[in-house]
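S.K.: Sequence:
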Amino acid sequence: QNGVRELRSVPGRFERVEEGQPFMVVVDYAHTDDALRNVITVARHMKPKRVITLFGCGGDRDRSKRPLMGMAAAELSDSVVLTSDNPRSEDPLAIMNDAMVGVQRYDTPCAAEPDRERAIKKAIESAGPGDVVILAGKGHETYQVLRDGPIPFDDRQVARRALRSFGYKRST
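Sequence positions in the sequence shown follow the working numbering and run 1 to 172.
Honestly, the hints are just simulated from the structure, not real lab data. Please note: incorrect hints may appear among the correct ones.
[Stated by the list, open to error] Quick list of the computed label-pair ranges, beta carbon to beta carbon:
| no. | residue 1 | residue 2 | range |
| --- | --- | --- | --- |
| 1 | G130 | D91 | 35 to 41 Å |
| 2 | L93 | G20 | 34 to 40 Å |
| 3 | R170 | N97 | 34 to 40 Å |
[As the list claims (entries may be wrong)] With a Cα cut of at most 25 Å, we get these calculated BS3-like pairs of lysine-lysine:
| no. | residue 1 | residue 2 |
| --- | --- | --- |
| 4 | K121 | K169 |
| 5 | K122 | K49 |
| 6 | K169 | K49 |
| 7 | K169 | K122 |
| 8 | K122 | K47 |
| 9 | K121 | K47 |
| 10 | K49 | K121 |
Positions of the beta carbon are idealized from the N, C-alpha and C atoms, including for glycine.
Build the full structure now, drawing on both the sequences and the hints.
M.R.: Below you can see the structure in the form of structure tokens.
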């Protein structure tokens, strides 16, 4: 348990975002149901009060994995925030609806927010002392691929801004 807490991570793989908050925020590249199960299981081994998992599914990719990702997140998390993740040419809401089919197989509370930045803020805002917030799907990526092409977007920077907006700031 303590070993995992002290582990230095590879960028984008269970990468912690620290701003002095009383809960853990981790960014992970998990973008398949197996990877999502793995990252949530690692978080569970840390004995958190709750696990809050934010995820989305890529557009113009294998549609059959979307409900599987929803099931993985809902089965293993205490709360889910469903959002967009590189929707490309597809409608983000349609992608989210596909994933929601899997989420709804469980009674896990789920918020849906297609704007990834707002979704990250919502996930962080819902966290309390001892919780783990997992921001899954983008990991080390520094862009979001939309219909009109890529735009700069980094979950780590967005999480840091959100934490600071709630009054957290790492002391130096």
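S.K.: Could you check the hint for me, namely that L93 and G20 are 34 to 40 Å apart, CB to CB?
M.R.: Once the Cβ atoms are compared, 35 Å apart, the range 34 to 40 Å for G20 and L93 holds.
S.K.: Given the hint that K122 pairs with K49, does the C-alpha gap stay at or below 25 Å?
M.R.: 18 Å, holds
S.K.: Would the pair K49 and K121 pass a check requiring their Cα atoms to be no farther apart than 25 Å?
M.R.: This hinted pair holds, its Cα atoms lying about 19 Å apart.
S.K.: K122 and K47: Cα distance at most 25 Å?
M.R.: 22 Å, holds
S.K.: Between the alpha carbons of K169 and K49, is the straight-line distance 25 Å or under?
M.R.: Cα-Cα ~22 Å, so holds.
S.K.: Mind checking the alpha carbons of K121 and K47 for me, to see if they're no more than 25 Å apart?
M.R.: 23 Å, holds
S.K.: For the hint 35 to 41 Å, verify it against the beta carbon of G130 and that of D91.
M.R.: With a Cβ separation near 37 Å, G130 and D91 satisfy 35 to 41 Å, so the hint holds.
S.K.: Quick check: does the Cβ-Cβ distance between R170 and N97 fall within 34 to 40 Å?
M.R.: 38 Å, holds
S.K.: Quick one, are K121 and K169 close enough, alpha carbons at most 25 Å?
M.R.: 15 Å, holds
S.K.: CA of K169 to CA of K122, is that 25 Å or under?
M.R.: Satisfied, since the Cα-Cα distance of roughly 18 Å is no more than 25 Å.
Of the numbered hints listed earlier, not one is contradicted by the structure.
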